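S.K.: The listed protein sequences derive, respectively, from chains A and B.
Here the working numbering is used: the first residue of the first sequence is 118, the next is one more, and so on.
Here the working numbering is used: the first residue of the second sequence is 10, the next is one more, and so on.
Everything labelled a hint here was simulated from the structure, so no lab data went into it.
Predicted model, so just to flag it, every value in this text is computed and none were measured.
Accuracy of the hints is not assured; some may be wrong.
[Said to hold, decoys possible] Cβ-to-Cβ under 10 Å is the rule here; a few derived chain B residues that face chain A:
id, residue
1, Asn63
2, Leu71
3, Ser213
4, Met217
5, Asp288
Using N, Cα and C, we set each Cβ at its ideal position, and we do this for glycine too.
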Amino acid sequence: MSGKTSEQKIKFYQKGTFTVGNRLVDEARRSVQGSMERSNAITSGHRACQGCGEALGARYALDAAMRATGGQIIAVNATGCLEVFTTPYPETSWQVPWLHSLFGNAAAVASGVAAAMRVKGREQVRVVAQGGDGGTTDIGFGCLSGMFERNDDVLYICYDNEAYMNTGVQRSSATPPTARTATTPAAGPKPGNVFGTGKNLPLIAMAHNIPYVATASVAHLHDLERKVEKAMAIRGARYIHVFVPCPLGWGSASHDTIRLARLASECGLFPLFEAEHGEITGSIAIRRKVPVEDYLKPQKRFAHLFKDGDGIERIARLQRMADANIKRFDLQRDAKEAPL
Amino acid sequence: MLEQIEGSHAVAKAIALSRPEVICAYPITPQTHIVERCAELIRVGAIRNCEFINVESEFAALSVAIGSSAAGARTYTATASQGLLFMAEAVYNAAGLGLPIVMTIGNRAIGAPINIWNDHSDSMALRDAGWIQLHAETNQEAADLHIQAFKLAERLSAPVMVCMDGFILTHAYERVEIPTQDQVDAFLPPYRPRQILDPSDPYSIGAMVGPEAFMEVRYLAHDKLLQALGVIPEIQKEFEDIFGRDSGGLFHSYRMEDAKTVVVTMGSLAGTVKDLVDDLHKDGARIGVISLCSYRPFPLDGLRYALRGASKVIVLEKSLAPGFGGVLASDVRMALQGVDTHVHTVIAGLGGRPITRKSLARMFARAERGELKDPHFLDLDLDIVRREIDNQRGQITAGPIAENILREIGPCTPKAV
Ligand SMILES: Cc1ncc(C[n+]2csc(CCOP(=O)(O)OP(=O)(O)O)c2C)c(N)n1
Ligand code: SF4
Ligand SMILES: [Mg+2]
Numbered sequence: 118m119s120g121k122t123s124e125q126k127i128k129f130y131q132k133g134t135f136t137v138g139n140r141l142v143d144e145a146r147r148s149v150q151g152s153m154e155r156s157n158a159i160t161s162g163h164r165a166c167q168g169c170g171e172a173l174g175a176r177y178a179l180d181a182a183m184r185a186t187g188g189q190i191i192a193v194n195a196t197g198c199l200e201v202f203t204t205p206y207p208e209t210s211w212q213v214p215w216l217h218s219l220f221g222n223a224a225a226v227a228s229g230v231a232a233a234m235r236v237k238g239r240e241q242v243r244v245v246a247q248g249g250d251g252g253t254t255d256i257g258f259g260c261l262s263g264m265f266e267r268n269d270d271v272l273y274i275c276y277d278n279e280a281y282m283n284t285g286v287q288r289s290s291a292t293p294p295t296a297r298t299a300t301t302p303a304a305g306p307k308p309g310n311v312f313g314t315g316k317n318l319p320l321i322a323m324a325h326n327i328p329y330v331a332t333a334s335v336a337h338l339h340d341l342e343r344k345v346e347k348a349m350a351i352r353g354a355r356y357i358h359v360f361v362p363c364p365l366g367w368g369s370a371s372h373d374t375i376r377l378a379r380l381a382s383e384c385g386l387f388p389l390f391e392a393e394h395g396e397i398t399g400s401i402a403i404r405r406k407v408p409v410e411d412y413l414k415p416q417k418r419f420a421h422l423f424k425d426g427d428g429i430e431r432i433a434r435l436q437r438m439a440d441a442n443i444k445r446f447d448l449q450r451d452a453k454e455a456p457l
Numbered sequence: 010m011l012e013q014i015e016g017s018h019a020v021a022k023a024i025a026l027s028r029p030e031v032i033c034a035y036p037i038t039p040q041t042h043i044v045e046r047c048a049e050l051i052r053v054g055a056i057r058n059c060e061f062i063n064v065e066s067e068f069a070a071l072s073v074a075i076g077s078s079a080a081g082a083r084t085y086t087a088t089a090s091q092g093l094l095f096m097a098e099a100v101y102n103a104a105g106l107g108l109p110i111v112m113t114i115g116n117r118a119i120g121a122p123i124n125i126w127n128d129h130s131d132s133m134a135l136r137d138a139g140w141i142q143l144h145a146e147t148n149q150e151a152a153d154l155h156i157q158a159f160k161l162a163e164r165l166s167a168p169v170m171v172c173m174d175g176f177i178l179t180h181a182y183e184r185v186e187i188p189t190q191d192q193v194d195a196f197l198p199p200y201r202p203r204q205i206l207d208p209s210d211p212y213s214i215g216a217m218v219g220p221e222a223f224m225e226v227r228y229l230a231h232d233k234l235l236q237a238l239g240v241i242p243e244i245q246k247e248f249e250d251i252f253g254r255d256s257g258g259l260f261h262s263y264r265m266e267d268a269k270t271v272v273v274t275m276g277s278l279a280g281t282v283k284d285l286v287d288d289l290h291k292d293g294a295r296i297g298v299i300s301l302c303s304y305r306p307f308p309l310d311g312l313r314y315a316l317r318g319a320s321k322v323i324v325l326e327k328s329l330a331p332g333f334g335g336v337l338a339s340d341v342r343m344a345l346q347g348v349d350t351h352v353h354t355v356i357a358g359l360g361g362r363p364i365t366r367k368s369l370a371r372m373f374a375r376a377e378r379g380e381l382k383d384p385h386f387l388d389l390d391l392d393i394v395r396r397e398i399d400n401q402r403g404q405i406t407a408g409p410i411a412e413n414i415l416r417e418i419g420p421c422t423p424k425a426v
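Required output: the full structure, derived from the provided sequences and hints.
M.R.: Below, the structure is given as structure tokens:
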């Protein structure tokens with residue numbers, strides 16, 4: 118730390134991770150997770166796997182929502198890993214009022230809670246609905262689209278681990294091409310999930326013209342917190358899509374969760390952006406572009422791509438997808454502009 | 010005030026008087042007039058402090074209801090037929106969560122073949138979802154049952170379906186006594202939830218329950234509906250004290266004093282049967298009628314007692330369990346377990362087929378002579394059925410049954426819409 122100021126910039130990243138060290142940001146912007154006073158929406162002792170991105174993402178998101186509202190939130194949860202690992206009967210990790218109804222109806226249930234708060238004159242109590250990618254992009258999509266379209270006062274957070282994890286890693290419409298899941302096995306001439314399928318829910322959310330849409334990642338926790346806080350300052354339907362690696366479903370090391378999330382954005386496959394009323398208002402520029410291989414290789418779900426050179430063409434196709442994102446969201450502009 | 014009013018509108022008025030806080034619905038015939046009128050009553054300020062939410066499906070309608078009820082708002086929705094099946098998962102869920110939602114079912118057949126007319130297939134399909142199911146005999150009773158339903162639901166913390174026959178009741182203009190707001194307020198206290206989502210006292214609701222406790226939780230769901238067997242007559246009495254009218258209860262008995270033959274039925278059909286029974290009494294027949302109001306919980310003991318003097322029971326029902334027979338009939342047989350009373354199953358009125366007094370009289374006569382097969386299908390055109398059975402047997406590519414039958418019958422206009 119003794120070097121010249123010009124060197125200091127480089128040290129902004131923690132070694133090998135591209136992570137901004139907490140100690141290196143100014144006081145006001147430091148994460149409060151170590152503080153005894155942190156809001157603690159989801160307390161410790163839950164049953165998530167080690168290194169679960171969803172547990173991390175949900176805790177940061179809900180804590181930020183609690184801070185933003187002075188603790189005046191009600192959480193609604195779709196069926197899925199988050200629901201199961203936080204409420205093993207008769208215990209619960211939730212320090213906020215929490216309701217789980219079904220797999221596909223979290224957005225509608227949240228609309229109902231918001232309606233009740235309106236008629237009761239308790240509009241200071243805000244509603245956060247949450248679901249996995251399956252509960253959001255597939256089975257819960259109808260209810261979600263309805264909630265968006267009515268512009269109900271709900272923040273919906275999707276924790277995207279790119280498959281149905283709770284039932285044992287099956288393909289969802291958020292599963293990327295080539296990824297091995299239990300229903301897109303790494304077998305046959307085209308192993309893994311096929312190309313040309315799936316849907317981009319953040320863009321679909323934007324098409325509803327709702328006040329706020331954002332993508333976020335557990336690799337950018339400050340950014341996630343900021344986006345949640347921003348969302349809580351807005352009334353109406355809001356959507357945040359958080360990228361949350363799943364060590365169990367992806368076949369990755371528990372300690373690689375943050376690194377993989379960062380690589381997903383740094384290679385361009387998971388762009389980080391936000392939009393208001395259907396217009397993109399900002400994105401996080403890539404600091405140091407990496408090839409998609411760097412992201413794919415540490416994950417067993419993509420292992421077949423690296424066997425016997427079979428996957429070269431398919432990796433190239435994934436690279437083209439990443440490059441298209443970079444172009445579409447202008448992610449390779451001057452890195453200095455990027456917020457933290 | 011006595012009003013000449015459409016059944017759906019009478020129900021909407023009863024809902025309005027019950028001071029709901031959230032109403033959400035998705036349109037389906039024959040429920041539409043109820044929710045349209047509710048929406049209007051909210052817009053013109055006749056229902057104050059209430060949100061009407063237009064949702065994208067019945068699944069969402071009941072899901073919104075689950076959210077608002079869990080957050081402490083008195084909540085109402087309505088559906089029928091395909092809509093009830095579309096929300097089936099949430100129907101079970103609302104009961105499992107113990108949420109006192111009130112839902113009208115405008116009873117209608119289930120497709121395929123698609124059919125908008127009345128029978129009881131829809132609510133029967135969800136009879137074991139853990140909801141209380143009440144059936145209205147008249148529009149007066151339909152209106153009254155809704156007011157009672159909120160009280161019942163909230164007292165037990167259990168959801169209630171009020172079933173009324175599609176078109177026959179929903180679209181019929183009848184004289185209905187509409188209560189005053191003071192009466193309803195005296196009868197129905199504000200909703201005080203047993204459980205509520207509140208940041209000042211955070212609960213987790215809807216946690217996963219494993220084998221270690223699931224049996225107990227389910228037993229308690231059963232026990233709750235058994236408690237309703239006691240609470241329903243209590244509320245019937247409380248209602249009568251304030252409104253001066255006997256509405257609801259477990260079932261209605263008609264001319265049961267010395268009845269040897271008893272017709273057991275449900276819903277609006279009871280009216281037709283009672284008229285016919287009056288006529289038959291003139292000829293000395295000893296025939297009585299029981300019309301069930303509470304189908305779930307099913308009043309096994311009450312029915313057994315009421316039927317103690319009968320030597321013959323004819324269950325007249327608008328539902329069919331394919332491959333088995335009568336649905337209601339099998340419940341009635343359960344009530345008569347170990348009793349030597351002959352129970353006939355008569356399936357009638359499926360998909361809105363008119364149930365005429367003439368056909369009923371003929372069927373009763375055959376039952377008296379011991380000529381009724383079990384189950385008996387009232388006014389079934391056996392010729393057509395036999396021909397189509399032969400047709401299907403004869404060729405693998407016989408085509409769709411429904412369309413073949415329509416071709417057989419030839420052009421016709423529906424008799425009653
Ligand atoms: C109607 C219905 N269909 C299927 C299921 C089974 N199911 C429960 S959780 C789940 C997977 C959840 O996947 P996702 O929403 O992506 O959340 P994750 O577990 O990955 O966090 C499935 C398929 C269910 N509970 N309900
Ligand atoms: S399976 Fe994945 S999402 Fe589920 S708890 Fe484990 S790491 Fe988290
Ligand atoms: Mg998932």
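S.K.: Are any of the numbered hints broken by this structure? If so, which, sorted upward?
M.R.: 5
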